[in-house]
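J.: Going down the list, the protein sequences come from chains A, B, C and D. At position 129 of the first sequence (counting the first as 1) the number is 128 in numbering that gives the first Met the number 0, and the numbers step up by one without a gap. At position 51 of the second sequence (counting the first as 1) the number is 50 in numbering that gives the first Met the number 0, and the numbers step up by one without a gap. At position 10 of the third sequence (counting the first as 1) the number is 9 in numbering that gives the first Met the number 0, and the numbers step up by one without a gap. At position 116 of the fourth sequence (counting the first as 1) the number is 115 in numbering that gives the first Met the number 0, and the numbers step up by one without a gap.
Please keep in mind that the hints were generated in silico from the structure rather than gathered at the bench. Incorrect hints may appear among the rest.
No distinction is drawn between identical chains; accordingly, a pair holds when it is met within one copy or between any pair of copies.
Unchecked claim - Within a straight-line C-alpha distance of at most 30 Å, the following computed DSS-like cross-link-like pairs (lysine-lysine) qualify:
| # | residue 1 | residue 2 |
| --- | --- | --- |
| 1 | Lys-107 | Lys-90 |
| 2 | Lys-90 | Lys-2 |
| 3 | Lys-90 | Lys-101 |
| 4 | Lys-104 | Lys-2 |
| 5 | Lys-107 | Lys-2 |
The residues making up each chain are set out below.
4 protein chains.
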Amino acid sequence: MPKMSVEELEQFLSEHFPYIDNRAMTVERVEDMSARVRLRYHERHLRPGGTISGASLMTLADMAMYMAVLGMIGPVALAVTTNLNINFLRKPAQADVIGECKILKLGKRLAVGEVTMYSEGDAEPVAHATVTYSIPPRRTSD
Amino acid sequence: MPKMSVEELEQFLSEHFPYIDNRAMTVERVEDMSARVRLRYHERHLRPGGTISGASLMTLADMAMYMAVLGMIGPVALAVTTNLNINFLRKPAQADVIGECKILKLGKRLAVGEVTMYSEGDAEPVAHATVTYSIPPRRTSD
Amino acid sequence: MPKMSVEELEQFLSEHFPYIDNRAMTVERVEDMSARVRLRYHERHLRPGGTISGASLMTLADMAMYMAVLGMIGPVALAVTTNLNINFLRKPAQADVIGECKILKLGKRLAVGEVTMYSEGDAEPVAHATVTYSIPPRRTSD
Amino acid sequence: MPKMSVEELEQFLSEHFPYIDNRAMTVERVEDMSARVRLRYHERHLRPGGTISGASLMTLADMAMYMAVLGMIGPVALAVTTNLNINFLRKPAQADVIGECKILKLGKRLAVGEVTMYSEGDAEPVAHATVTYSIPPRRTSD
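Next comes chain A alone, as it looks inside the complex (with noise of 0.2 Å):
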């Protein structure tokens, strides 16, 4: 079962990501090996044609798959991203994209996870991510 609560996600995000715009990019659900995370709807994000732009897809995938992780291992700040590969599948609505990783594998060094991502309100996904991060070595004593 998960180690941390959306609220001690949300208080970790904002005390080590302070950069990171709370209105933007939420936490909704930490559950068993799993997180689901909202990227609000916003102009900021938009590309020609007033779509939401990659570069917010694939931050929004590598978070979702951060909150996995840390959802499971605890609050550990250093554990990097080592791999993202995303498809980028359709064009998405006018409205807020939601991020459902599923971690496919938590092992002691590294950990892989797929984000499939949805424009809310519909079915078929805008884009899929598999995201690799590599987890710092923890004392024996962990």
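Take the given structure of chain A and dock chains B, C and D to it, following the hints.
T.: Chains B, C and D only, in chain A's frame:
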């Protein structure tokens, strides 16, 4: 040879992507099947531990490929990224990051390139990405 | 709904890919936007330590996606893989590996899917891949 | 500089991977942080249309990276691939394919490299891969 100069690309960006801060990312060079884009060091890109965020490096990789592709095919705002795969290799220095893009394939429908990213002054790459763009169908008269 | 049955797909494979050993890889199920392919355990796929080779898992992922796509669009031998990204998660057991493919997007030009691979009888995946196929232009009358 | 010569690598392969046909894939060069492996043209690798299969190119990419890594760290049979991302760029010619691997990062736990693949005699790449290997923990005395 490229169809657009650095000046034309910067002009295109400021018209179509007004939200991109020109001081944050600048096109430095566009040549045959390649481009170089600079991400300026700025506290806003930092993550815990004082390094440039993965999101900024992903945006740099995407932009370097976009500039290399537009340089070759001309101003096509609706070319879109379909896949981006990035490996984060080293902690970036507190310095600008240079993205060197080389196009591996420029087809009628898909363009594939690789982007190697370096902290200015360092020989070892901080990240490496491969990026695929889908190119919209053009009129036969093109 | 699928345009080809399991029997039609196996027939198509034996005509167009005569070098594929039908006893090594078999199509088990084709449904709407999904397919299941089985890789039979055999010493030939082993690597040091007695596990199924990465090459066999990559081939399984590619084949599962090919079957799911052909199932939906009909027998198009010239659909080709443009990108495959695979994460190896766990050492496979000495057992058959099942590849479950789900198509995430079936566009006119590109199809993107994900394949989760399990050792038969295990709940935890041994590998996960995303695969993109380029679909050749079809006549308007299609 | 490399710790293993081409002859030592070929010897290592024939001991640990007896099922690899030495006539199908041969190590041609191992240098500092790089390796070249040749995939011999043979009907067995063909797919519809007469080209070398994607599976053969994926195996070539994986093997070229494995040889480059073993060349640097010595004979560690249990180094395993954790991620492989490949873009298929052009239809290969009816000729041998050369895989040129360059290691981008050789860390204590992970090695990341890129492999560019060419049909012999052609300047344009037929495929490009990035490959990550996990390196098993070594004794402190190493």
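J.: State for each hint whether it applies.
T.: Going through the hints against the structure:
no.: 1; hint: Lys-107 to Lys-90; verdict: between (37 Å within a copy, 15 Å between copies)
no.: 2; hint: Lys-90 to Lys-2; verdict: between (36 Å within a copy, 27 Å between copies)
no.: 3; hint: Lys-90 to Lys-101; verdict: both (23 Å within a copy, 20 Å between copies)
no.: 4; hint: Lys-104 to Lys-2; verdict: within (17 Å within a copy, 33 Å between copies)
no.: 5; hint: Lys-107 to Lys-2; verdict: both (16 Å within a copy, 29 Å between copies)
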